[in-house]
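> Same order as they appear, the protein sequences are chains Y and W. The opening position of the first sequence corresponds to residue 1 in my numbering, with each subsequent residue numbered one higher. The opening position of the second sequence corresponds to residue 1 in my numbering, with each subsequent residue numbered one higher.
Think of the hints as simulated: they come from the structure by calculation, not from any bench. We put the beta carbon where it would ideally sit given N, CA and C, even for glycine. One thing to keep in mind: the hints can contain errors.
Restricting the straight-line Cα-Cα distance to at most 30 Å, the calculated cross-link-like pairs of lysine-lysine (DSBU-like) are [what the hints assert, rightly or not]:
(1) K66(W) to K54(W)
(2) K199(W) to K54(Y)
(3) K134(Y) to K170(W)
(4) K191(Y) to K147(Y)
(5) K66(Y) to K134(Y)
(6) K170(W) to K69(Y)
(7) K134(W) to K66(W)
(8) K243(W) to K147(Y)
(9) K170(Y) to K69(W)
(10) K66(Y) to K170(W)
(11) K134(W) to K147(W)
(12) K147(Y) to K134(Y)
(13) K161(Y) to K54(W)
(14) K243(Y) to K191(Y)
(15) K147(W) to K199(W)
(16) K243(W) to K54(Y)
(17) K199(Y) to K54(W)
(18) K199(W) to K147(Y)
(19) K66(Y) to K147(W)
(20) K54(Y) to K170(W)
(21) K134(Y) to K54(W)
(22) K170(Y) to K54(W)
(23) K66(Y) to K161(W)
(24) K134(W) to K243(Y)
(25) K161(W) to K69(Y)
(26) K147(Y) to K54(W)
(27) K66(W) to K170(Y)
(28) K69(Y) to K54(W)
(29) K66(Y) to K170(Y)
(30) K54(Y) to K69(Y)
(31) K69(W) to K161(Y)
(32) K66(W) to K54(Y)
(33) K147(Y) to K161(W)
(34) K134(W) to K191(W)
(35) K147(W) to K134(Y)
(36) K161(Y) to K66(W)
(37) K147(Y) to K243(Y)
Ranges between beta-carbon positions, derived for each pair [claimed, not checked]:
(38) P36(Y) to K199(W): 30 to 40 Å
(39) R215(W) to P227(Y): 48 to 58 Å
(40) D52(W) to G164(Y): 33 to 43 Å
Number of protein chains: 2
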Amino acid sequence: MRYELYYWPGIQGRGEFVRLALEEAGADYVDVARLPANRGGGVPALMRFMDDAKATHPPFAPPFLKAGKLVVAQTANILQFLGPRLDLVARAESERLWAHQLQLTVTDFVAEIHDTHHPIAGSLYYEDQRREAKRRADDFLRNRLPKFLGYFERVLGANPKRGGYMIGGKLGYIDLSMFQVVSGLRYAFPKAMARAERKASGLVALHDRVAARPRIAEYLASPRRLPFNQWGIFRHYPELDGK
Amino acid sequence: MRYELYYWPGIQGRGEFVRLALEEAGADYVDVARLPANRGGGVPALMRFMDDAKATHPPFAPPFLKAGKLVVAQTANILQFLGPRLDLVARAESERLWAHQLQLTVTDFVAEIHDTHHPIAGSLYYEDQRREAKRRADDFLRNRLPKFLGYFERVLGANPKRGGYMIGGKLGYIDLSMFQVVSGLRYAFPKAMARAERKASGLVALHDRVAARPRIAEYLASPRRLPFNQWGIFRHYPELDGK
Numbered sequence: 001m002r003y004e005l006y007y008w009p010g011i012q013g014r015g016e017f018v019r020l021a022l023e024e025a026g027a028d029y030v031d032v033a034r035l036p037a038n039r040g041g042g043v044p045a046l047m048r049f050m051d052d053a054k055a056t057h058p059p060f061a062p063p064f065l066k067a068g069k070l071v072v073a074q075t076a077n078i079l080q081f082l083g084p085r086l087d088l089v090a091r092a093e094s095e096r097l098w099a100h101q102l103q104l105t106v107t108d109f110v111a112e113i114h115d116t117h118h119p120i121a122g123s124l125y126y127e128d129q130r131r132e133a134k135r136r137a138d139d140f141l142r143n144r145l146p147k148f149l150g151y152f153e154r155v156l157g158a159n160p161k162r163g164g165y166m167i168g169g170k171l172g173y174i175d176l177s178m179f180q181v182v183s184g185l186r187y188a189f190p191k192a193m194a195r196a197e198r199k200a201s202g203l204v205a206l207h208d209r210v211a212a213r214p215r216i217a218e219y220l221a222s223p224r225r226l227p228f229n230q231w232g233i234f235r236h237y238p239e240l241d242g243k
Numbered sequence: 001m002r003y004e005l006y007y008w009p010g011i012q013g014r015g016e017f018v019r020l021a022l023e024e025a026g027a028d029y030v031d032v033a034r035l036p037a038n039r040g041g042g043v044p045a046l047m048r049f050m051d052d053a054k055a056t057h058p059p060f061a062p063p064f065l066k067a068g069k070l071v072v073a074q075t076a077n078i079l080q081f082l083g084p085r086l087d088l089v090a091r092a093e094s095e096r097l098w099a100h101q102l103q104l105t106v107t108d109f110v111a112e113i114h115d116t117h118h119p120i121a122g123s124l125y126y127e128d129q130r131r132e133a134k135r136r137a138d139d140f141l142r143n144r145l146p147k148f149l150g151y152f153e154r155v156l157g158a159n160p161k162r163g164g165y166m167i168g169g170k171l172g173y174i175d176l177s178m179f180q181v182v183s184g185l186r187y188a189f190p191k192a193m194a195r196a197e198r199k200a201s202g203l204v205a206l207h208d209r210v211a212a213r214p215r216i217a218e219y220l221a222s223p224r225r226l227p228f229n230q231w232g233i234f235r236h237y238p239e240l241d242g243k
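With the hints as extra help, turn the sequences into a complete structure.
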């Protein structure tokens, strides 16, 4: 099965959570919008899909994944779909619901991270909402960052299998997502994150364990991994990084 | 199977999407935090669960549902779990993924609706973020409300079964959620919503169809249905309702 991933070409964004799963599994996939337009790629390929008036299951927004005739959208839903196919989640329903529950909590966290630099509107530039961004980021660093990291650290610590993974004794898609969140927060808020990591040693160890997986290490060093930049979810504005 | 729903007792909030599914199905359930404390209810019962240091699958936030030994959190995940058990979603994986994808888009919509009155921080009062709320609500009404409603209207129109439901030829949990969204938006933004509904006749008809279901009509007239109020997701501040 060759998977087709559709996501904005210039950023890691929400698509990156899906890429990490595909890369770790060594799956056969095409990152469609990053292909040149003359090979059927680019943003036009993505927009054709979004705007297809005949589609009965249109996605609201990227990322979406094409798997044969099936089109699946919403990051956490894509991961839930891929999980058993890529051996990145256990088979039991209770474990799959738990993995998805954690992934949806990552979704909430990511939305709040995004809104630190865009608290008013995605349609406006950061520069047009700087003052509000400062207020929101201050609250985020004081209240929300420790709450989310503390929760995930607690989940790690409560896993009865003591292998350092979020669920059970082996790596799953949720671990890959935790890696991405820690990486992104380090890029966006280096000072605040350095402080927050003192209380999140399990997550830091998990981040390093994921980064050292052979396929992930190869991916991170490849041109397929886009660098963090100022157009994605995780953006570095020094004035938002606390004191 | 008696389900136990845990959610903040004073508001409809995210718990309402789960209540509507349980009510439509005539399921046996207890709304635990709305029971008196001397019958094991109230907020203490909810907090005991959240703070249980021995829990291996702790929820990040309400709502969560206890079904036998299983505890499931995240609204859309709960609905995905209940869907087949309450006959509110089709059995085929492709249909279940599609229903869940739409429900996750409702989740995104609901988060944006909430943030119109709390763009800076959930920990602050509305009065402490009024100016920012006005800016965010203006953008929401101009750009986001029409985009989300237009999307759901498109999905309704693209359903090859022409029964007026979101998916296939019979009512599912996503239809109940659409009812709740339309109801809540009418409460929060009566003027803006009256305008927006002119382009969403399918959703208005769906709202009315759901409201007329015997069990839903009985529920809405009962004391189990809390009224909308100024502590929930959908709040009415006239100054945010546009011109």
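> Which earlier hints can't be squared with this structure?
3, 5, 7, 8, 16, 18, 21, 28, 32, 33, 40
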